[in-house]
Every structure is written in C-alpha cells, then in structure tokens.
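Peer 1: Sequence:
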Amino acid sequence: MTHQPTVDRLYMGAALKLAERGLFTVTRGNPRVGCLLVKDHRVVGRGWHETDGEAHAEVNALKSAGDIAKDATAYVTLEPCCFEGRTAACTDVLAQSGVKRVVIGARDYHIQRLRTLGLEVKVMGLPVPGELNPGTYTRHRRNRPYVRIKTALSFDGRTALATGVSKWITSEEAREDAQYWRARSGAIVTGIGTVLADDPRLTVRSPEYQGCAPWRVVLDSQGRFPTDATMLDDHARVVVVCGRDAHGTVLPETVDVWHEVTPRVEIKSVLNRLASEGVNEVLVEAGSELVGSFVESQNWDEMIAYVAPKFMGSDARPVAEIKVGEMAATIRATIVSTTQVGPDLRVVLRRDERGVQNQ
4 MTHQPTVDRL YMGAALKLAE RGLFTVTRGN PRVGCLLVKD HRVVGRGWHE TDGEAHAEVN
64 ALKSAGDIAK DATAYVTLEP CCFEGRTAAC TDVLAQSGVK RVVIGARDYH IQRLRTLGLE
124 VKVMGLPVPG ELNPGTYTRH RRNRPYVRIK TALSFDGRTA LATGVSKWIT SEEAREDAQY
184 WRARSGAIVT GIGTVLADDP RLTVRSPEYQ GCAPWRVVLD SQGRFPTDAT MLDDHARVVV
244 VCGRDAHGTV LPETVDVWHE VTPRVEIKSV LNRLASEGVN EVLVEAGSEL VGSFVESQNW
304 DEMIAYVAPK FMGSDARPVA EIKVGEMAAT IRATIVSTTQ VGPDLRVVLR RDERGVQNQ
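Residues in the sequence shown are numbered consecutively from 4, following the numbering used here.
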C-alpha cells in the first residue's frame, strides 16, 4: 500500500508540470499555478493559469471535472488566493465545489481561509513553485520584480570593444538560447545608450515562443529617445522613463512616458513602478554602466552570462562598471549552474543575500 505522503508528492509533481505550461503566457500580475483534482485514486480534473488576467488554475481544474469534483482532493502548487479581483477568490470557489481536501505546494502571501471554510488542508512547503514564480516573492518582499541581468562576454570578461561594437561576441546558439529568458519576462529593461548605439528590437524572435511580447522599458534621464527607433515598429508596449527635467522630442502616442521626480532615473523607483503594474520578472539587457548600477545598488537577483571562448583585450569594455576599492568590498554571487551552449558557456549567478564580502 502506498503511503499518503508519497501519493501527495506524486500528484503535486503532476500539478507542477501543469503550472509550467504558463511559463511564457503568465508574465504579469498573477503567478503560474497548476491544479490537479484527484478522487478515488483517479485524476478527475486538470487546470493551470493559462493567460494573464484569465481564469485561475483551480477554476479551470474544477471546470474540467464538473460535478465529479465533490469530495475530491485538490493539489494546488501555490496557496489559493482569497481575494476577489478580475476573477473570484479561489478559496471560496474550492469550498463551494465540494472539494474536501486541499494539498498546497507552497504558501502564498495572503491569509489562508480554507480551514475556516471547513476544508482539510495540508501544506507541503515545496521550494519549486518559487522557481516558477520568483517575482511573486520579490514583489512582496522587496516591492520589485525578480531581476535577471543577461549579458554576453568574452573569456576575459569583456562585453564590447572600446569602440562600442559588440556584435557578435557569442554564437548563434547562445543568442537563440537567450530567447527563453526574454520569453518568460514581463519586461525587458535597457538604457538609452544601448538604444542609440545598437537600435535593438528587444523582441522574442524564436518561433518556439510565438506570442510572447514583453514590455520594452528604456531608462532615458535626459529624454534622448529617437522617434525612429526600431523597437517602435511592432505592437509590444514601449515605456520610456525620463528624468524630471527631460524635454526631449515628443514621442508617438504608442509610447508610454514615465517622468521621475528626480533629475536622473532611479532604478529602484522604476522597479517599484513595474511591480505595481504587475510585472513579475524583468530582464536587463544593457551596457556596462547600467548593469553596474543594478549590481552596485543590489537591485538584481540573477545574472545569465553567456561566455564566449575568445579574448577581446584590456581596452574592451567590462561587464559592469563598478568601483571596488578593497577585497572586502567585492560584491558576492553564487554560481547556480554552468551549461555548454554551442561553443559558449552559459553561467547562471545568483546574488548573495549577504551582499559584499565582509557582511
């Protein structure tokens, strides 16, 4: 006879697989959640949060099960929401359906009402939903999205020649691999220097992620954004963040302009605004100065570095412009993974919560 904890782990694993289906379609607002309904050792309903703002996983699972959901066990990867917004509170929907037991993968940040509604509740405390929804946690803990920095560099740590030329440091395979990080992000942040130098589209090009359209957010303190920028040629939202005193060229109505209350754009302020607009994950693709500002201010969580087996020389530009006067002040990070991508190496770093070395 299989023990209940083992059964719960198996069904929760299946619910997590369902949640992963929303990886590229749920990028702003709600978390990615999967729900499995089981009755008499048989799966009777499946659902996941399919699209931003649409029905939640629990509702979709109950819809697929119909009346047979009564007395079933619901396996939900993240604690069901207990507030009404664009959709009904999932705690109430589950209780009204007749489900008798709810197994939760990870707690959310809202008061749990399920027990008060008469349901048996088990919390497994799994870390995996946090990997699916890192922005859900950083938005509540730090009032900002989860911030990834994506960079391509040579083996000697350079991201552009002294002239500013950076195409192409890494291989086509690495550039294709990087599309994954764009596709799962709610917004891509860059600086006006990158826009003026490279005129990037910052879109998701891979057919594998068709339909993904992260916002493009340009930090532009002085209001220099060009009206003929290539990123204006498609439908994805463009946000230009200007300093208080910026009086640049009037931009098309399709561009959202955010004005800061300070002369220079403040990273923390921009991230707070993005969090308030529902952006869960941000990808930073920028030059060494802006990357350095994110790293020095500790407004980052993860760095995706594609390292090419080539040397660009001491005159080339570094990954990040950071001033460090002594070893004790170095900024710490942890290597999470290394993966061969074509001829290049993808290295994933995460910010050390202790910050600098001597803390």
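Heads up, a few of these hints could be off.
Claimed, not checked - Calculated lysine-lysine pairs in the DSSO-like style (CA-CA distance at most 30 Å, straight line):
id	residue 1	residue 2
1	K271	K326
2	K103	K125
3	K153	K125
4	K313	K326
5	K326	K170
6	K125	K170
7	K20	K73
8	K170	K103
9	K42	K73
10	K313	K170
11	K20	K170
12	K66	K153
13	K42	K125
14	K313	K153
15	K42	K20
16	K153	K103
17	K153	K73
18	K103	K73
19	K153	K20
20	K271	K313
21	K42	K66
22	K42	K153
23	K42	K170
As the list claims (entries may be wrong) - Label pairs and their calculated CB-CB ranges:
id	residue 1	residue 2	range
24	E175	E53	28 to 34 Å
25	W261	D159	36 to 42 Å
26	F314	K20	18 to 24 Å
27	F314	L199	24 to 30 Å
No wet-lab data here; the hints were simulated from the structure. None of the values given here were measured: they were computed from a predicted structure. Where is the CB? At the ideal position from N, CA and C, for every residue including glycine.
Peer 1: Each hint: holds or not?
Peer 2: Hint-by-hint comparison with the structure:
no. : hint                    : in the structure
1   : K271 - K326             : 20 Å, holds
2   : K103 - K125             : 12 Å, holds
3   : K153 - K125             : 38 Å, violated
4   : K313 - K326             : 25 Å, holds
5   : K326 - K170             : 26 Å, holds
6   : K125 - K170             : 52 Å, violated
7   : K20 - K73               : 24 Å, holds
8   : K170 - K103             : 58 Å, violated
9   : K42 - K73               : 9 Å, holds
10  : K313 - K170             : 13 Å, holds
11  : K20 - K170              : 37 Å, violated
12  : K66 - K153              : 40 Å, violated
13  : K42 - K125              : 16 Å, holds
14  : K313 - K153             : 18 Å, holds
15  : K42 - K20               : 19 Å, holds
16  : K153 - K103             : 45 Å, violated
17  : K153 - K73              : 47 Å, violated
18  : K103 - K73              : 7 Å, holds
19  : K153 - K20              : 26 Å, holds
20  : K271 - K313             : 35 Å, violated
21  : K42 - K66               : 15 Å, holds
22  : K42 - K153              : 44 Å, violated
23  : K42 - K170              : 56 Å, violated
24  : E175 - E53: 28 to 34 Å  : 32 Å, holds
25  : W261 - D159: 36 to 42 Å : 37 Å, holds
26  : F314 - K20: 18 to 24 Å  : 43 Å, violated
27  : F314 - L199: 24 to 30 Å : 27 Å, holds
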